[in-house]
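K.L.:
Sequence:
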Amino acid sequence: MPLTRPAADPSAMADPGIPEPGIPERPISNHAIPGGDRGARTLGPRLRRLHARIGRAHHHAEGMRFSRALLAGQADPRQLAALLRALAPAYALLEQEAPPLAASLGATALPWADLARTPALRHDLAQLAVLPATPPSAAAAIWLEQLRGLARQAPHRLMAHVYVRYGGDLSGGQQLAQQAAAILARHQLSTPTFWAFARGIPALKQALHDGIEQLVLTEPQEEELLDEAEQAFVTTQRLLAELADLLPEPPPA
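Remember, my numbering sits 1002 above the position in the sequence shown when you count from 1.
Errors might be hidden in some of the hints.
Simulated restraints on C-beta separations [said to hold, decoys possible]:
no. : residue 1 : residue 2 : range
1   : Gln1098   : Asp1212   : 30 to 40 Å
2   : Leu1219   : Pro1134   : 21 to 31 Å
3   : Glu1215   : Ala1135   : 23 to 33 Å
4   : Leu1219   : Asp1247   : 14 to 24 Å
5   : Gln1176   : Pro1138   : 43 to 53 Å
6   : Pro1134   : Arg1050   : 38 to 48 Å
7   : Ala1135   : Ser1192   : 40 to 50 Å
8   : Pro1047   : Ala1184   : 32 to 42 Å
9   : Pro1138   : His1189   : 21 to 31 Å
10  : Thr1220   : Arg1124   : 32 to 42 Å
11  : Gly1046   : Gly1202   : 28 to 38 Å
Calculated from the structure, these hints are not laboratory results.
As the structure is a prediction and not an experimental result, all values here were calculated from the model.
Here a beta-carbon is modelled for each residue, glycine too, at the ideal position from N, C-alpha and C.
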């Protein structure tokens, strides 16, 4: 039986603790522009639909408390370590399961070797092991089980997570990397390599786009891909909320 999900609830996409004015006026990523993308002229039809669908959810994710703290250079190194620790199992699963599944759906051009983040995550987590431990991520555990289910039952939905994760790393993630590096440097910690790609970002992003456009999907599968992309942001928001609550808020100045 195909795996189905309810449509994403727009009300679930906002952090209830963050009022609308807290959302950045200037999004850090093309995906965060509601209803479109500044580079839409260069995108294929599937990517245009994806960007239109995920724009609002991405915009809300950028306005959440942890995102704003990171963009302001105010996140704690323990939160950054917890973020990378939460991402590692999901990336490992994507990088093991998604390549053959994508090929079975007709996408043979995805640059998996260049996209792979697992070696960088292992390196970064080893460097950050000097920090005090934080609790395991409940949000990441739920996400990992969701990905396993999609790999078994709905590979076309799994491709939405491929696009949201790697597309984000190649877009807004490049700006997050600068802030993360500055935060860690202030604590005499190494620059993270998670957001560093050996291949040029524009070419790698284009190769990712081309691979996603290659997917051969039925009309129902196409709509489910779009729905799952929204769900991927709901999952991200759960993780961001968890990271914000990881440490007590500093007292007002």
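K.L.:
Where does the structure disagree with the numbered hints, that is, which hint numbers, in rising order?
P.N.:
Checked against the structure, the hints that fail are numbers 1, 2, 3, 4, 5, 7, 11, while the rest are satisfied.
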